[in-house]
Amino acid sequence: ETGVTQTPRHLVMGMTNKKSLKCEQHLGHNAMYWYKQSAKKPLELMFVYSLEERVENNSVPSRFSPECPNSSHLFLHLHTLQPEDSALYLCASSQGYGATEAFFGQGTRLTVV
Amino acid sequence: AQTVTQSQPEMSVQEAETVTLSCTYDTSESDYYLFWYKQPPSRQMILVIRQEAYKQQNATENRFSVNFQKAAKSFSLKISDSQLGDAAMYFCAYRSIQGAQKLVFGQGTRLTINP
Chain A
13 ETGVTQTPRH LVMGMTNKKS LKCEQHLGHN AMYWYKQSAK KPLELMFVYS
63 LEERVENNSV PSRFSPECPN SSHLFLHLHT LQPEDSALYL CASSQGYGAT
113 EAFFGQGTRL TVV
Chain B
100 AQTVTQSQPE MSVQEAETVT LSCTYDTSES DYYLFWYKQP PSRQMILVIR
150 QEAYKQQNAT ENRFSVNFQK AAKSFSLKIS DSQLGDAAMY FCAYRSIQGA
200 QKLVFGQGTR LTINP
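Protein chains in written order, with this note's numbering: chain A, 13 to 125; chain B, 100 to 214.
Check before you lean on any hint, since a few could be wrong.
Once the Cα atoms are required to be at most 20 Å apart in a straight line, the calculated EDC-like pairs of lysine to aspartate or glutamate come out as [to be verified]:
| id | chain 1 | residue 1 | chain 2 | residue 2 |
| --- | --- | --- | --- | --- |
| 1 | B | Lys154 | A | Glu113 |
| 2 | B | Lys172 | B | Glu151 |
| 3 | A | Lys52 | B | Glu109 |
In case anyone wonders, no lab produced these hints; they're calculated from the structure.
Okay, chain A solo, but in the shape it has when bound (with noise of 0.2 Å):
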């Protein structure tokens, strides 16, 4: 079991529907990440959380809302996305945000159609 374990792997879904990417980190950390990775672009950062609070997000629109009910748990939701919103979706965490070294997951591979 890797430290960052996210859900589901893959998805697929339509213009108009709704559905949430989890992620779970079992390392005891207290900083969580979104990031986006597109085909042929530098990994975006999305949002950032720092003790269950959030301390970052860069102009991310609001179709994408994310959710840090614990320390352990962040989540994704995804709203009317658009498919330019197709990408590799990363979580990852830190003991701290800022901290010199972030786990990363496996992502979640998201298409929509």
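For chain A, the structure is supplied; the task is to place chain B on it using the hints.
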């Protein structure tokens, strides 16, 4: 804003040979961290090596070492004795020490190991 550039979209190397991946970055800060991450087909990003900018000595981790040239803002990764398991996407990343401490990634270099 900081930027990270990896100018080699793809690289290949013979097994057991040495390969160097290039990375340059742009920043006005004097203190920061630099990283190389590996993303194998499993998609999980794995930290390979880390360098603190205030340290002049180049970081090494077994077969992996960096050539950190602060004045040139260059941070290359050398992989010695390449192994088939080294095949992956490699990402260079920058992180500030103060202020916004998010990781800024380069576009990645796909490394192929030829048996």
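Broken hints, by number: Violated hints: none at all, because every hint is consistent with the structure.
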